[in-house]
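Chemist: Put chain F on the given structure of chain A with help from the hints.
Residues per chain, in single letters:
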Amino acid sequence: METVWHNHKGSLIALAVLLVVMLSSLIVVPETQQAVIIRTGEPVAVVNQFKPGQPFGSTGAGVWYRIPLLDRVEYVDKRVLNVDMDEQQVLSTDQLRLNVDAYARFRVIDPVRMVRAAGTLDVVQSQLSQILSSVVRQELGRRSFASLLTAERGTTMHNIRTLLDAQARKYGAQVIDVRIKRADLPDGTPLESAFQRMKTSRDQEAASILAQGQKNAQIIRATAEAAAAKTSADAYGKDPQFYDFYRAMQSYDATFAAGSQGGSQIILNENNDYLRQFRTGGH
Amino acid sequence: MERLGGWPGKIRLAMAGKRSPWGKPPGGDGAGDGGEGAGAGGGDSEPPEPEPAPPSGEDQPKGPRNPWLPGTSEGRPRRSASIEDIFKHRGPEGPRRGSGPGGPGFQLPRRPGGGSWVPVAIAGIVGVWLFVTSMHQIDAKEQAIVTTFGKYSRTLHPGLNFTAPWPFQQVDSEQTSEFRVVAIPDGSAQRLMLTADQNLVDLSYIVRWNVRDLRQFRFQLVSPEDTVREVAEYSMRAEVAEKNLNQVFSGAGRAEIEQQSLKRMQDLLDAYRSGIAVQGVQIRKTDPPNQVEEAFKNVSAAQQQAESLVNQANGQAQQVLARAQGDAAAFDKVYVQYKLAPEVTRRRMYYETMERVLRQTDKTIVEGSGVTPYLPLRELRRAPADEPGAQ
Chain A
42 METVWHNHKG SLIALAVLLV VMLSSLIVVP ETQQAVIIRT GEPVAVVNQF
92 KPGQPFGSTG AGVWYRIPLL DRVEYVDKRV LNVDMDEQQV LSTDQLRLNV
142 DAYARFRVID PVRMVRAAGT LDVVQSQLSQ ILSSVVRQEL GRRSFASLLT
192 AERGTTMHNI RTLLDAQARK YGAQVIDVRI KRADLPDGTP LESAFQRMKT
242 SRDQEAASIL AQGQKNAQII RATAEAAAAK TSADAYGKDP QFYDFYRAMQ
292 SYDATFAAGS QGGSQIILNE NNDYLRQFRT GGH
Chain F
-5 MERLGGWPGK IRLAMAGKRS PWGKPPGGDG AGDGGEGAGA GGGDSEPPEP
45 EPAPPSGEDQ PKGPRNPWLP GTSEGRPRRS ASIEDIFKHR GPEGPRRGSG
95 PGGPGFQLPR RPGGGSWVPV AIAGIVGVWL FVTSMHQIDA KEQAIVTTFG
145 KYSRTLHPGL NFTAPWPFQQ VDSEQTSEFR VVAIPDGSAQ RLMLTADQNL
195 VDLSYIVRWN VRDLRQFRFQ LVSPEDTVRE VAEYSMRAEV AEKNLNQVFS
245 GAGRAEIEQQ SLKRMQDLLD AYRSGIAVQG VQIRKTDPPN QVEEAFKNVS
295 AAQQQAESLV NQANGQAQQV LARAQGDAAA FDKVYVQYKL APEVTRRRMY
345 YETMERVLRQ TDKTIVEGSG VTPYLPLREL RRAPADEPGA Q
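Just so you know, the protein sequences line up as chains A and F, in that order.
For the first sequence, my numbering gives the first residue as 42, with consecutive numbering after it.
For the second sequence, my numbering gives the first residue as -5, with consecutive numbering after it.
If you're looking for bench data, these hints aren't it; they were derived computationally from the structure.
Every value quoted in this text rests on a predicted model; they were computed, and no experiment measured them.
Keep in mind that the hints are not guaranteed to be accurate.
[Claimed, not checked] Computed cross-link-like contacts, DSSO-like style, restricted to lysine-lysine with a CA-CA straight-line distance of at most 30 Å:
| hint | chain 1 | residue 1 | chain 2 | residue 2 |
| --- | --- | --- | --- | --- |
| 1 | F | Lys237 | A | Lys222 |
| 2 | A | Lys222 | A | Lys240 |
| 3 | F | Lys333 | A | Lys279 |
| 4 | F | Lys333 | A | Lys271 |
| 5 | A | Lys92 | A | Lys222 |
| 6 | F | Lys257 | F | Lys237 |
| 7 | A | Lys256 | F | Lys291 |
[What the hints assert, rightly or not] If the Cβ cut is set under 8 Å, some of the chain F residues that face chain A in the computed set are:
| hint | residue |
| --- | --- |
| 8 | Phe290 |
| 9 | Gln310 |
| 10 | Tyr329 |
| 11 | Thr358 |
[Claimed, not checked] Here chain A is said to cover these stretches of chain F; the calculated rule only asks that three of the stretch's residues, wherever they fall, bring their Cβ under 8 Å from a Cβ of chain A:
| hint | stretch |
| --- | --- |
| 12 | 123 to 136 |
| 13 | 223 to 236 |
| 14 | 292 to 300 |
Glycine included, C-beta positions come from ideal geometry on N, C-alpha and C.
Only chain A is shown next, with the shape it has when bound in the complex:
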């Protein structure tokens, strides 16, 4: 070891220096990043810049060079990034409130501009988030409550996207999509009154269901009675006189039968037809 060191001292040191220089002048740009090379404060090149429709593997990713000490490399994410908005209270045209939570997806398409305008992605994200909040409030505030719920229909989301995109372009970013993630009633009175409305509507439904049931029951009974009456009329109509007798006999049975209420006492006059034989002595 000692001898190797002594014999090749110069070349070993030269090798080490070469290695250090090489390592500090090469950069690796992954597929997910774009690299802005800043030479003495001025962006001079972009490596692996986003181009639509470029398949992975044939992008500009890979090894690139820089001048050590002179060049600074700023990495900017190439992927689709997220802007999350704080929940916003939106006042609809009919003075109802709705808490809206939205998100936007964007991509940095001009890293140089982004580095100049904002510096880092965090700055872009927080500024876009604020812009998104105000644009959402502005656009949704022009609609009635009912149409807020289905804001995806129509032009609202398109407008929001266009407005946000116009701002994002100033940061070298392109807005891909804006969506409303959630739209809730705010806690407190709006929520309570919604519950109250739901409750009363259910109560009303319950009452009407019950009434319908009663109505149906009545109709069923009446129909049955009508049918019964028809059956009776058909049968008894053949001989109304006999029916009168027949029914009277049944009625006596029922009325004076044992156990009929209050008991009964019958006082028979001698002229009663039942006592005819009794009176006339068999003649």
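Modeler: Chain F only, in chain A's frame:
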């Protein structure tokens, strides 16, 4: 730590070695040798102690002495302790120097043939490095992306794969075929959604998805998992907002919502080129909010009640009809007999009925005219007596 801790003290001592312009160092008031530091060095393990300064050192004719300057006022060069001296001789480090196992005298063990182990060790390390970083076992559920200096080169499929070693090629594996499940909301807390008729429904669902295109999944979105969650929330909300409450509760409506929101999710994820395939959306529950649950129960109670009313009416109707039919049939039977012998049948029926009736009742027969029957009607007597009590 002890070694490090010793350093500041020594430096301080060295700096304040002689009478310093800053006065006496706190640790320098040991037994003074009075020799103006002349005895310093010379194999003495103690650093030269500064002269114990009198309280009014500045008034002495010698004046303050700058330890950094050679002392000239006394006519002989003053040698102050140098840092070198201190570290050479003092403390536990001094004697240890040059004798540790890592020192210049240390030698690696020799191979039996007399050669060095070093080449063998280097070869071994390189071998392990090649082995570990160029051979990749990809699980059945996985795929892996190979990047050459950050640039995508190919996708590895399950099995044993070889790549160039790190740092030339890097392999990044990911579960692809396995379905992942996202539950929304996470816990059991109620998540209310607004329906088209502005009612609220507590809806929870799960989304199953997997990776369809690992390249896109890896390189296209910053946080694909979060994206799935957000897209799922958006799609479900958008779908429910287009349905009425009753549709959301009904089975058919739920199936439709599941289908539509899956389609919406997939369209959006495709538009993001996320490489994600949504395998299914399942609604776990659609409940009315807790606050109005009672009212919803009342509705189903009313439904039950209405049904039972109808059932009762149906039963009564059957009874009435059967009764009428039975009566009519009985009459018909009797009437047939009556027609054969009208007079006799009539009398027979009359007597039979009277027999039954009169057998069971109290009978009084009043014969002859001019008799005024006295009617001991108990009811009539009793009724007025009861009245005051009733009032």
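Chemist: Each hint: holds or not?
Modeler: Here is what the structure says about each hint:
Proximity of Lys237 of chain F to Lys222 of chain A is assessed by CA-CA distance (about 17 Å); at most 30 Å being required, the pair is judged to hold. For the proposed pair Lys222 of chain A and Lys240 of chain A, the alpha carbon gap of about 27 Å is at most 30 Å, so the pair holds. Only pairs whose Cα atoms come within 30 Å are accepted, and Lys333 of chain F paired with Lys279 of chain A is accepted, the gap being roughly 11 Å. Taking the CA atoms of Lys333 of chain F and Lys271 of chain A, the gap is near 23 Å; set against the 30 Å cutoff, the hint holds.
The hinted pair formed by Lys92 of chain A and Lys222 of chain A meets the criterion: a straight-line CA distance of about 29 Å does not exceed 30 Å. Among the hinted pairs, Lys257 of chain F with Lys237 of chain F is consistent with the structure: their alpha-carbon atoms are about 16 Å apart, no more than 30 Å. About 22 Å separates the Cα atoms of Lys256 of chain A and Lys291 of chain F, which keeps this hinted pair within 30 Å; it holds. For Phe290 of chain F, the interface hint holds, since its Cβ comes within 8 Å of a Cβ in chain A; the closest pair sits about 6 Å apart.
A cut of 8 Å between beta carbons decides the hint on Gln310 of chain F: the least distance to chain A is about 6 Å, and the hint holds. Proximity of Tyr329 of chain F to chain A holds as hinted, the smallest CB-CB distance being about 6 Å (cut-off 8 Å). Proximity of Thr358 of chain F to chain A holds as hinted, the smallest CB-CB distance being about 4 Å (cut-off 8 Å). Restraint check on the stretch 123 to 136 of chain F versus chain A: 0 residues with Cβ-Cβ distances below 8 Å, three needed, restraint violated.
With a cut-off of 8 Å between beta carbons, the stretch 223 to 236 of chain F has 8 residues touching chain A; three or more are needed, and the interface restraint holds. Coverage of the stretch 292 to 300 of chain F by chain A holds in this model, with 7 residues showing a Cβ closer than 8 Å to a Cβ of that chain against a need of three.
Violated hint for the displayed structure: number 12, the only one.
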